[in-house]
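Q: We have chain A already, so just place chain B on it with the hints.
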Amino acid sequence: MRVRLDADACEGHNRCYALAPELFDVDDYGQAVVIGDGTVAAELGDKARLAVANCPEYAISLEEEEL
Amino acid sequence: MTVHEAAAEAPGGAGVPNQDSASERRDPVTVHEAAAEAPGGAGVPNQDSDHDAVYGPVESWERDFDHADPSYNRQAHAVWEQLRGSCPIARTERYGGAWLPVTHELVREIAYDTEHFSSRGVVASTGRPDIAAPIGPAPPITSDPPFHQIARRLLLPPFAPKQIEPWEDEIRLVCRQRLDAMGEIEPGTTVIDAALQYAQHIPVNVISRMLGFPLEDDDLFREFVHDQLEGVNRPVEARQWAFDRLDDYVDNQVREHIEHPRDDLTSYLLSAEIGGNPLSADHVRGTIVLLLLAGIDTTWSAIGSSIWHLAGHPDHRRRLREDPDVWTFAVEELLRAYAPVTMARLVADDVEFHGCPMKTEEWVLLPFPAANRDPEFFEQADEVVLDRQENRHAAFGLGIHRCLGSNLARLELRVALEEFLTRFEEFELSDPEAVTWSVGQIRGPRSLPVRILAATR
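Taken in sequence, the protein lines are chains A and B. In case it helps, numbering that gives the first Met the number 0 puts the first sequence at residues 0 to 66. In case it helps, numbering that gives the first Met the number 0 puts the second sequence at residues 0 to 456.
Hints in this document: simulated from the structure, not taken from any laboratory. Just so we're clear, the structure is a prediction, and the values are computed from it rather than from any experiment. Just so you know, not all the hints are guaranteed correct.
[Claimed, not checked] The list that follows gives simulated cross-link-like pairs (lysine to aspartate or glutamate, EDC-like), each with its CA atoms no further than 20 angstroms apart:
no., chain 1, residue 1, chain 2, residue 2
1, A, LYS46, B, ASP324
2, A, LYS46, B, ASP386
3, B, LYS161, A, ASP26
4, A, LYS46, A, GLU62
5, B, LYS161, A, GLU21
6, B, LYS358, B, ASP112
7, A, LYS46, A, GLU56
8, B, LYS358, B, ASP179
9, A, LYS46, A, ASP5
10, A, LYS46, A, GLU21
11, B, LYS358, B, GLU92
12, A, LYS46, A, ASP27
13, B, LYS161, A, ASP27
14, A, LYS46, B, GLU389
15, A, LYS46, B, ASP322
16, B, LYS358, B, ASP348
17, B, LYS161, A, ASP24
18, B, LYS358, B, ASP63
19, B, LYS358, B, GLU114
[What the hints assert, rightly or not] Okay, the calculated bits of chain B under chain A, using three or more residues with CB under 8 angstroms as the criterion:
no., stretch
20, 146 to 156
21, 392 to 404
In this text, a Cβ means the ideal position worked out from N, Cα and C, and glycines have one as well.
The shape of chain A in the complex, shown without the other chains (with noise of 0.2 angstroms):
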């Protein structure tokens, strides 16, 4: 599983980086970035689906991978 992150549609609220600071980090103007390629750990994936339902924007999503 990863994250993904529509930067154009991210307005700065700042909720993924709150709930979920192991897969989001913010720049200096507040705006998300994603840690990394986004790739969720196993136990992080709770936390992953926070960032997503918590985003007033929808700017994250979640890309399931197949095996």
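A: Frame of chain A; chain B shown alone:
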């Protein structure tokens, strides 16, 4: 006409405070009460908005709404619920014509449509701003694209999360000083005013320090806020007097900073450049006015409304005391349920919006608090679910004008509630009828008498 607020918010039933208990049964024709909430207004001329309001009592929320009628904020949740069922875009001829959409979908659509709806004016009042788009009188909140992004980018860094986090200790200190200043507390007897003695002081202190303005001018800042944001229904000349007074104050502070530059936001703006040129004097003044006003009664309202809620919900107080993990969700949920800020837009050109013929220069209110209680968008929209897991609330707006100070506001709200609950484990409204609510686009308690039932020192 009768309006009813869903009782769902008050699972506890009896004894739960309800700000609408008196007003919801009244015909709006008879509800036009003095705006007695003027904070610290003694001795200031032209201050009494109840004496020179231009408009009379509201005849109908559908066709004659008035966001500055004292009955509006007191029963706002009921008004929005009624309108969602009968007329999701309300109309008024007041203020030179205004519209009030109340569903999440409509509010969202307007917030994203910066072409038809200009931010040149964001406080719906009797007049219209005399500075043209796309800059507007208080950039970037009053700016439209493309200038908006330039003005906003200047201000994003000082309000980014990692710049705001270090303010936590300072905020906590202010909260504790205010709690200490309440003096001896006798549980079961002592009544404090959680709005006047606590909530209203917290945001003023931080923004004064950030701007490098004298802390002892805090009463004056609250007067500015009252004049600008509550006195919207006063004659244009009276509003102009208030604008001039605020501008004069800011100009003096700017002059002082030009002579003695230091490490604060005012000096930062004075040294900032756009395209190699310094900001115009109007830009600097307008941005300082924005920073000074926008962070004060908004956060104070969110803190006050949250304490008002907790006063009636011992189960929620207990949960917050016992479950530290719930806080991150609870703060957002309180922001959703009691979002203080409604913004406004001006219709840029005649447009037909969902069947409504909106005319150039008419106001459109953006009630984010109403969007936050739309049952089409949120499950159990009228209930406070402290650990709500899916919460795309719009308390800080949607789209390009997302509240610049949202990280600071969140921090102040969380710390203010933590400190209040640590000091006062149990409390209740001493007289629900005595709670007074603000007037205008920012909604929150202005007087909040709370009886302390259990305290620690």
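Q: If a hint holds in the structure, say so; if it does not, say that too.
A: For each hint, the structure was consulted:
1. A:LYS46 / B:ASP324: Answer holds: A:LYS46 to B:ASP324 is near 13 angstroms, not above 20 angstroms.
2. A:LYS46 / B:ASP386: holds (14 angstroms)
3. B:LYS161 / A:ASP26: Satisfied, since the Cα-Cα distance of roughly 9 angstroms is no more than 20 angstroms.
4. A:LYS46 / A:GLU62: This hinted pair holds, its Cα atoms lying about 14 angstroms apart.
5. B:LYS161 / A:GLU21: holds (16 angstroms)
6. B:LYS358 / B:ASP112: holds (16 angstroms)
7. A:LYS46 / A:GLU56: holds (18 angstroms)
8. B:LYS358 / B:ASP179: Answer violated: B:LYS358 to B:ASP179 is near 53 angstroms, above 20 angstroms.
9. A:LYS46 / A:ASP5: holds (18 angstroms)
10. A:LYS46 / A:GLU21: The hint holds at about 9 angstroms.
11. B:LYS358 / B:GLU92: Measuring from Cα to Cα gives roughly 12 angstroms; hence the hint holds.
12. A:LYS46 / A:ASP27: Violated: A:LYS46 and A:ASP27 sit about 23 angstroms apart, past 20 angstroms.
13. B:LYS161 / A:ASP27: Distance of about 8 angstroms is within 20 angstroms: holds.
14. A:LYS46 / B:GLU389: holds (12 angstroms)
15. A:LYS46 / B:ASP322: Roughly 18 angstroms between the alpha carbons, so the hint for A:LYS46 and B:ASP322 holds.
16. B:LYS358 / B:ASP348: holds (7 angstroms)
17. B:LYS161 / A:ASP24: Given pair B:LYS161, A:ASP24 holds - Cα atoms ~10 angstroms apart, limit 20 angstroms.
18. B:LYS358 / B:ASP63: holds (17 angstroms)
19. B:LYS358 / B:GLU114: Holds: B:LYS358 and B:GLU114 sit about 14 angstroms apart, inside 20 angstroms.
20. 146 to 156: With 3 residues close enough to chain A, the hint holds.
21. 392 to 404: It holds: at least three residues are needed, and the stretch 392 to 404 of chain B offers 7 whose Cβ sits within less than 8 angstroms of chain A.
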